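Chains as they are written, first to last, in this note's numbering: chain A, 3 to 331; chain B, 789 to 1093.
Check each hint, because a few of them may be wrong.
Here are the simulated EDC-like pairs of lysine to aspartate or glutamate, each with C-alpha atoms no more than 20 Å apart in a straight line [claimed, not checked]:
hint, chain 1, residue 1, chain 2, residue 2
1, A, Lys257, A, Asp222
2, A, Lys284, A, Glu245
3, B, Lys848, B, Asp837
4, A, Lys242, A, Glu283
5, A, Lys242, B, Asp837
6, A, Lys242, B, Asp846
7, A, Lys257, A, Glu302
8, A, Lys282, A, Glu245
9, B, Lys848, A, Glu245
Examples of chain A residues lying across from chain B (beta carbon under 7 Å, computed) [stated by the list, open to error]:
hint, residue
10, Thr38
11, Ala41
12, Gln71
13, Val72
14, Ile92
15, Thr223
16, Ile248
These aren't lab readings, by the way, just hints derived from the structure by calculation.
All figures in this text were calculated on a predicted structure; none of them were measured in a lab.
Here a beta-carbon is modelled for each residue, glycine too, at the ideal position from N, C-alpha and C.
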Amino acid sequence: MTSARGTRIMTLARHEYRAAVRSRALVALLAVLVLTTIASVYIGAADYRSQLADYNAYKAAAQASGITQVPPAPLALLSLLRGAVEYLEIIGAAIAITLGYLSVSRERASRTLALIRSRPVTPGELAVGTSLGAVGLISTLVAFTAAVGVVCLGIIGHDWINGVQALKLLLAYLASIVYMTTFYALGVICTAKSRVAANGLMVALAIWLMVVLVLPQIGDTLDADNQVPGGLFASLGLGKPGETAILTHFTTYEKVRTGIEATSLAKHYERFAFAMTDVKEKYRGFSLGHLLAIKRIEIEWLAFYAVALGAGLRRTLRRQPAVPQGGQP
Amino acid sequence: MIATIAVQHVQSLRRQRVVVALVGTLLAMTAMAGLIGWSSHNTIVRVYDQAVRLLAADGKPAPPNPFLLKPSLSLLSNMAIYIPLIGALLALVLGHLTMADDESSGIGRLLFSRRLSRTSYVLGKLAGASAVLAVGLAVSLIASVASLWLVNETLPTGSELGRLVGFYGLSWLYLLLFALIGMVMVLVTRRRSLALLAAMGVWLVMTFALPQFTSGLRPTASLNPITDPASTTQPFFDVTAKARPFSLSEQYKTASAHVLGTATGESGTETARRVVPLAVSVAGLGLLTTWLVRRHDYSRGSSDD
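Use the sequences and the hints to build the structure in full.
As structure tokens, then:
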């Protein structure tokens, strides 16, 4: 990449970033995300603090009575970020679609696309610059949410994360950036392909509803163990071996159920982020390398969706007419 | 005049295929809930059969069949999830179109050059939107009865039919609330897109954030009809639990479960009390919409963007 080309791309990226930050709709949705993140971490951290105090009291009492082998605390600090991850999964994706929608509708309404095209900027540079600006904004947003989460853990939970936890958190938030950027691409593609921008937004939101809420919900509801409160297998007095033995008779059913879940990008993001933030107890003892190996399939699905939507975004932005063709801006 | 406005509004929605989209989506939702209910029914029966065989091989007695604890209407328990998720978003769009079309097309300006009171206009629009929602839910009710008949191999009893009508009545009230939110947002913002996004922001807060603040329900837990109660022993909930009656999504889901008979341990009066904040909110938003329309400057128009 020549330096002149790089400068043009960075200028376009900065333009995209600044224009998006000025949107009141985006700021309002961002405020909802930050407030819900703070509240969810607060709820978890307050509970964690009292459990940690109980554990420390038990440990002190055990040591005072001469017991040297005290079991480690069954608490996972990062798991307190579960609510924050879930909000990024639901609200974060909606914000990313909004960002994509605003990016196209803003250029259409102000007719700046024709002006930009009159400059020595190729459609490819425009596509890369716009996408980079959006990734920059999404990264800022995710970094801000992550910082709020970590500070809340330290101040409210009275515990600060260590180096390994920081690395795992970094990976979880990198996955969040990829996940949100994919939804940004969806917002741009749907809006750019619609003559009336608001209709494109509605189509993108309908897809969001299916992918983020409906498909994972169907997969969860069809889970044999989720049929009665407290778990179906527990209600039948069966332990893990019994459950495993019975599920061997449900292989086709389980394949269909997991197949429905696998079509949802949100589910892959959730599984990866939950493994990185110690939400799932079964992954807590694993090293980072082992965790990444186990979650390779989720990484591959995330990468697949990101590449597919990214290619669609590039194609859409390159082909976007400089002047809106009919319909309403 | 109110009837004329209402009929015109329904015809306009029909021409835009909004009625077909709404009824079709509600029908698809009901079919999906029925299919999931049927699958759940079959899974429990098959797991139970396997469990009895497994336990018998170990010389243990058969446990009680958990399906016997499930009421027949539990087949439709997913509807209480789909209404706040899909139905409420559809209602938001319906409310949005109810107000936005007249404003952006200039019809509003033309209408108020005639002898038409703004209160009649709002009441007509509300009647039209309510009728469309009622038709959609009535079709969904018929589909629910058909699902129950197919899966249970018997028609619902009179009491079950009464419960179903009660559930769909409650759902109509809940959807009307979101249609009103969609209308209000058009009247308080200048751009159509901002109105739609603001309404969606309210929906996100009501559906996911409020239940967590008041009852500790995580966002994804709100998506499952069967959830274990969350711990609310922390001092935080001493304060926030006071706002629980205003967590309308949660109140709707709990009241629906009791109306359908899929949850127990609450008297009819207690369930009715859960509906009061919802009814008050609908009435309040209806009054607010009327007030906003009376003050609205239709000569200003709005951006289509």
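Which numbered hints fail: 12 and 13
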